[in-house]
Amino acid sequence: MYSELETLKLAVVDDELGIRLGVSSILADMTMDIPDVGCRIRLQVSSWADGESFVGSLDSNVPQIVLLDSKLPGIGGMEILEGTLSKRPDVVTIMITAYATLESAVRATKLGAYDFLAKPFTPEELRVTVRKAIHHHVLAAQARRLMEEKRTVRFQFISVLAHELKSPINAVDGYLDLIRNRMLGDELASYDGMIERSSLRIAGMRKLINDLLDLTRIESGQRIRNPEPLVLEDLARAALEGQENAAREQGIRIDLTAEPGLSIHADRMEMEMIFNNLVSNAVKYNRPGGTVQVTLSRREDQVEVQVTDTGWGMSAEETARLFSDFVRIKNEHTRDIPGSGLGLSLVKKLSSLYGGSVEVESEPGVGSCFRVRLPFQLSSAGIGGAVLKETDHG
Amino acid sequence: MSDTTVLLVDDDTDFLVQGRLQLEQLGCRVIQAGSRREAVAILETTRPDAAVIDLMMEDPDAGFTLAYQIKSRYPEVPVIMTTAVTQATGLSFEKVHGQEWIRADVILSKPVRAAQLKAELERLLGHVL
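Top to bottom, those sequences are chains A and B.
Following our numbering from start to finish, the first sequence increments by one per residue and tops out at 1855.
Following our numbering from start to finish, the second sequence increments by one per residue and tops out at 170.
None of these hints come from the bench; they were simulated from the model.
Treat each hint with caution, since some may be false.
Claimed, not checked - Straight-line C-alpha distance at most 30 angstroms; calculated BS3-like pairs for lysine-lysine:
no.	chain 1	residue 1	chain 2	residue 2
1	B	K159	B	K112
2	B	K112	A	K1627
3	A	K1593	A	K1627
4	A	K1627	B	K159
5	A	K1470	A	K1571
6	A	K1611	A	K1548
Unchecked claim - Partial pick of chain A residues on the chain B-facing surface, computed with a CB cut under 7 angstroms:
no.	residue
7	H1624
8	S1628
9	N1631
10	A1632
11	D1634
12	G1635
13	L1637
As the list claims (entries may be wrong) - For the chain B half of the interface with chain A, some residues (derived, Cβ under 8 angstroms), not all of them:
no.	residue
14	D53
15	D55
16	F56
17	Q59
18	R61
19	L62
20	Q66
21	A82
22	M97
23	K151
24	P152
The beta-carbon is built from N, C-alpha and C at its ideal position, and this holds for glycine as well.
Given these sequences and hints, build the entire structure.
In structure tokens, the structure reads:
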């Protein structure tokens, strides 16, 4: 478990030789296991007799932990804490004070010291304090790393979002420019196609913004959820009706097979999002004259919503990234199909929010089958509060 | 009508429509592709006089890969890369340029105007369209 042995640098700054030698020998062969992170720490101790030489050493060698005497002959410990070390929030400082007065402790803490140690201290007091500091350092470093990762993910999300938002604006802008320059002559009717495309791009952008707002609300937990008993077949029928026109235009038949009496305790809007996204995808990415089969069934303590289409299908590589934000499978069949790239990402987030799951099976040239599984009927005690909240952060 | 053939690559149909109109207005013959993969297939049999390609297609950097593929096969064919994302993402092309394999001749921000496209093509081809 503790496969990683990490060496942390600890500096002791004190004008008393006894303290420097004592600290060095007590801490020299100390190791510490940090179970939360799964690493083992050992210390490399350096010692400094005055503040000036310690501050000078920081240019080339920064320790993670400093044991700093508050009263030094030249520049004092408090001054170092207030000056040089205040610019290094990653260094954990333990102040060594001659008298453990409340004022000096308060002052040191205000200046950013993590802890303090009153002279004279026993080896055990030293070890306990240093152990606390090591623990603090490791957890803080891990928190910084996670924050950095989060920032990177967020940056990638914003980059793609910027692209997805700018594309429709640029497309409409491009058409306006062509129309302005009478690229197709003076007859207004010649531009009908461009105007129609512009409207479609604007509609697509509106959909993207709405999906994005839904996604943000769900992720932040800001959406007020009103769980109620919902009949699954009703939800499916409503989604089917919503897609009737689009299906008719393409000559696509939609069939619904539902086991009777299936219901779920959930927020209506969120369930509608799941059904609408699955059914509209099955219609959008189908072939002209194809079929969509919606099947509702019970699987032990879960309900399964299965939506099968006879579309162009996807490769394994494509299905693997399908549920991520902004992923749209682009090829000659799907190029002109509008979509925000957030629909399935929403379906996945909502399903897991309810303790369910979503999976896809697809065969290129044959079609795709999406399966969402949700808990059959939660007891009313598990609704709304604890259960949903817990999975929310999971 | 000039005998200049331009390969136009974009995964967005609207940019293909607009780019084709703009290029045809300049008298160019346009071969279009909707993805990097399609473009590579076309390059197997056709040597265009210039290429106008989008950056973000199947992958966020599909355009860079395609530019590399065009240049390794036809080093003298000028490549104009178009993108909507430069400023918004702070994507630094200088830095990416540092890696030797990216060889677009010029990067234009979308929307690309007809006059801009004409000027860049004439400059890179070394003749008036």
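| task | Find the hints from earlier in the document that the structure breaks and name them by number, from lowest to highest. | result | Checked against the structure, the hints that fail are numbers 3, 13, 18 and 21, while the rest are satisfied.
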